[in-house]
Structure formats: structure tokens, C-alpha cells
Amino acid sequence: MKKRFFALLAVTVLIATGCSSSSDKAVDESVCGTEDGFCIGLVTDIGKVDDKSFNQSAWEGAQEAASINGGFAKYVETQDPKDYAANIALFAEAGYNVIVTVGFLMAEATAVASEQYPDVKFIGVDQFYAGSAANYSGLIFPEDKAGFIVGYLGGYLTTSGKTAAIAGGPDSIPPVRKFIEGFVAGVGYAAKEQGKNFPKASSVYYTGANAFQDPAWGASTAQQYLDQDYDVIFSAGGKTGNGGLARTAQKSGAYCIGVDTDQWGTVPEAQACLVTSAMKLIPQGVVALIGQVKDGSFAGGNYVGDVGAAPYHDFDSKIPSEVKTKVEEVTAKVISGEIATGVKP
Amino acid sequence: MVGVVTKMTKSVMRSKKTIYLYLVILAIAIAYTINSVSTVAVAASSITFGLPLAMAAMVGIMCERTGVVNIGIEGTLLTSSFFGFFVAALSQNLIWGLIAAIASGAATGLLLALLTVSWKMDQIIAGTIVNILATGLTSFFYKQGYSLPAIFPRWSIPGLAEIPFLGRVLFQSGPITYFGLIFILVLYFAIYHTPWGLRTRAIGEHPSSADTSGISVLRIKYTNVVIAGAFGGLTGAYLTLELVGSFDRGFSAGKGFTALAIMIFGRWNPIGALLAAVFFGFAQALANQLMIDGLVNIPGPFINMLPYVLTIVVLAFSAGKVRGPAAAGQPYEREKA
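Chains as they are written, first to last, in this note's numbering: chain S, 1 to 345; chain X, 1001 to 1337.
In case anyone wonders, no lab produced these hints; they're calculated from the structure.
In this text, a Cβ means the ideal position worked out from N, Cα and C, and glycines have one as well.
Some hints here could point you the wrong way.
[As the list claims (entries may be wrong)] Listed below are several chain S residues computed to face chain X (Cβ distance under 7 Å; list not exhaustive):
(1) Asp119
(2) Ala216
(3) Lys239
(4) His313
The whole structure should be built from the sequences, with the hints applied where relevant.
Below you can see the structure in the form of C-alpha cells.
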């Protein structure tokens, strides 16, 4: 009897939670595949859709594109890399017009799917597309430029001269590597400009099986740096990076730099140290590409999105205005290509 | 004759352990003279990386010693860091968070005990239920935008904290770290030197004999699994309230499973598991430090392999016959007359 009661209770709870998750939207999934339906499906990488980082940015873009174009957007979170193809197929089979896949790791699965479903348009965030299919476009960013800009700022902020970058993923993922190497180059540029002999900025790449998902690793690694008097820490890479930011915030006098989006809002626990974030304007890129799909100009290939540094927020008054001016100048020069980051693509 | 031989073997074994200890101290001393800052940082990091694994391994040890296989440690960690974080964030009070974490950890223990001890469900499946439930509930109710008022500060122990090397590595830590380390030592003592420990081990090895000798098998199983859950809750509190200061979905990132490996590596012995965990933490910290200093130009993937390679090497040398508690995994049922 007791067992039955518990089972009943469990089922009720599950049903209750299940129901409340479907929110009331003007358009629903039933229009997908029909003449006037415009449906956007988003498949996340193994990070989650609320990772406060690239998955979340892409999802924001997809939602915005849906509201601009009067469409419907839905996401699926990938739990295991084995499911990339299955998750993509989920949307493709349901008649979705656009499928956004997020993350470099999904490039291969997306390329395969783009051949399998020629009528569906694919947008691969962070995926460099070398093929020629007209229905697959890679949304790529010059991460090295974003890294360079925040590294340049870091080079002016450090007092110990020791700066560090923590990567939440391995260096075999180009966007991760480019952020980090760009940062190192930016610090070096600032040091040279000031005539200071800082050691080369240090960097650590995540070593385990839970890339982008291990905040405790990020925090412990940040602590290892802080113990050695590093005072500017660029912590990049999903939740692993967020852990590093949160930990750095505990040490007074240390600065941290976020990644992908303006993490001031997404990681409030890091506000004590967060001077800026190396941003990729992912939502804008996603919106632009989906706009192309809608107006028929989508042609495949690669689309290079914009990058930049996030606002300083509370640090605005603490950073000397001449430094701010310099960062602005360097930002313009780096983006125009006048200053080369020297990071290999 | 046989007695003498055993005695000699024992003393050799003991001296072998002493030799290892001296080797470790020597290595630390050499490293410290070469570069004191890096050595201290690596040693401190070994503790930060290793402690959550060691604490989580204690959950496994307490459960398995009493005959319950607990693969739900991951779920316990996740649940307790979830409650720890949100209660602390909403009440803006770390102590409430700590209490909530311990209580929710104990609740997962109680659930596991209910499923495995009372209802005699397959223990692997019961542990999986805990994990799935934890993942589902914490993901579903997770909300962005909350933050803690602070994290548990480090307490420098007067006098001890000034000791070179050991001071920073051990005596400038947070409260949960101290408590966790003390608990591990106490657990070791309790398992091998108290009546409770004897009863617990008896139940883990041969529950019906224990029952015959008048030990209340079910009650001790319940107590141990719930206490283990509460300690798992403390581990979750460590992760969120002392180490990181935030919470994310999937926050525990597999530490509960690694802890099971640590438990076996440490041969179901609290001190053994602590050493195993610190060793694993050391491998991780060393890999990091090699990249931090960038002194040696080893390709990244090789450094990344380091923790795993070191573990395999040590296992190959140290592993002898490893045997867990005999009755772990079997529900206990009195024979009906």
C-alpha cells in the first residue's frame, strides 16, 4: 500500500512538472512543415541551453529570429555526443525550416545532416564549413581578436605582471584555442607598449571528460593561479569557465574576464572581479543568418560574425580613462585587421 | 615458524610504507627548494581537487561497508549542492544553505535506504533512480540569476598557518575542508576500533551472522546510509558554498562516479581513499602546473593524459588482491522459519 502511494505521488509530481513546462506560445509546433510555418530548431552541444555562454547566446538569437520572422523556435539539449545526429533528425523529420547546431563538436554531424536533408537550412555556430552544400552555413567568429582585446586590457590592469587564461575545453577546439592565444598575444602587445617585461601570459586547458561542464575544476584551477599571485584571469569555456570566474571574485584585487557573452549579467557571483568579457555577437549572427533564410538569400558557406569587449559595468570608474581610450583604439585596429593577432586560424 | 615469517613480512610491509612516506617527503622537499611558490600551489591544489573526491568516497565506503552499494553518490552531490546553493542564495545566509545541503543529502540517503533496505530493490537500480531523480529535479527547478552573499572564508589557524609549506596547504582552508578531513580520520578510527564499526563490517560481510549475534541489521543499515547521505550533502555544500560559489545544472560533473573508483583504489579504507583522492588531485594539479609554467614544451594531449597514466601506473604497482565487502549489493532478508 505504502509503495503504491509513493508511486502514485511520484507520478503525480512528474506529470505536474511535465505540464508546467509547456508555456503558452502564439505559434506552436503543429505549423512546422506546413506552407506558412517557419520553424527554427536548435540543438545544443553537451553544454546546456542556460550555460550563460555560447549555447545560451545562440538560443537567444534563435528566439529573437523567431519573433522577428513570426516563426516558432524550440531547442533540444544534447546529453551525449552520440546523440548529435538523432537530435538533428528530430527537427528535420518534423519539417523544421532552419536547424541551428551549436558548437564546434557538432560540425561533422551537421555536415552529414545537411546532405541528408537538402531542404532544411543548417546554421552551425562556431563551425567552420569547408564543404560546398548550399544549405549549410557556418557562423564563425575571429575569437582571437576578442581574446586579443581583453588581453590588451588585462596587460594594463595587472600589477603583478602575471596574467592567466583558463580554458574550459581542450585546445583541439579552434574557438577555445583562438580565444586563449589571442589573449596571450594581447597581453604581450600591452606589455611591449608599456615597455614592461611581463612573463608571457600563462594558459591551462581543461583535461578531463566533462569539457565546459566542470565548475569545480575551473574554480580549483583559478585558485592554483591565485596562489601564485596571478591577478588577471581570463576564464573561458562554459560552466567550467564560470567556476573560475566565481572563484577569482573571492580574491580582492584580482580581475577576471568572461567569455562569449557579457557575463556581468549571466554570472552575477563574479561581479566583484569581472572587468569585461570577450564577446562573440552570437545572437546577432544567428538572427542575420535566419533572416537570410527567410528572405531567400541564404547561400551556405561561412558567415563571419562580430566580436568585441563587453562594457566595464562597475569597473568603468576604476579603469583610468587613458587606458579606456587605448583599448578603444586597439579594438578598432584589431577588428579592422590593422593589428594582426598572429594566431593561426 | 609461520608466526615469525608473518611477523617479518609484516615489518617489511610496514617499512615499505615508511619508505614511500620518506620518498614523498623528500620529493616535496626537493621541489620546495627549487620553486617554493609552485610547490605550495600544487600541493594546495592537490587538496582542493582531491578533497571533494575523498569526501564523496566516504559516502561509498560507509554504505558498502554496511552492505549497500551506492552508485547514487552523484545524485546526492547534485541534490545537496542545489539545495545548498539556493537556500543560501534565497536566505542570503550560508549557514541555512549548509543545513539545507546536509538535510537534502540525508534525504537522498533515506530514499536509497528505503528502496534498498526496506523494499529490497536491486541496489544498482536504486542508485540510478537517485541519480536520475537528482538530475531531473535540479535541472527543472534551476533558475539563473541568483548569487550567494559570500562563500565560506578561509580560516587561518593561528600558529599552524605560519608553518612553511604545510601552513598554506593544510591550515589556511575553509571550515568544511577541516571538518571533512577530521571526519575522514574519525571514520577510519570508528570503522576499525569501535563497536559500531565492528557491527557495520559484520553486516557488510555476513549479515545473517550479525543478525544471529543480536545486531539489528536493518537499523544499522538505515543509520549508516542516512549518515553517509548527510556527509554526501556536506560534500555538495563544500563544492558550492566553499569552493566555487555558484551552481549550474550538472554541477557535480561526475565526481560521484570518480569517488567510487577512489573508494576501490583506497580498498574501502577511509585513509586509503583519502590518499588515493589526494594522489588523483595531485596528478591533476601537476598537469595544470606544467601548463601554467609552460617550462617544458610537451604537447597538450600528453599533459592531459597525465592524471590517468599516473593512476594506471600506481594501480599497477600497488594493486594486490582487492576485495570489497562480501555482502555489498545483496538485500538482507531473514530466513523464514
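Tested hints:
At a threshold of 7 Å, the smallest CB-CB gap from S:Asp119 to chain X is about 33 Å, leaving the interface hint violated. With 7 Å as the threshold, the beta carbon of S:Ala216 comes within range of chain X, its nearest partner Cβ sitting at about 6 Å, so the hint holds. Look at S:Lys239: its Cβ gets to within about 4 Å of chain X, closer than 7 Å, so that hint holds up. Checking S:His313 against chain X by beta carbon gives a least distance of about 15 Å; that is not within 7 Å, so the hint is violated.
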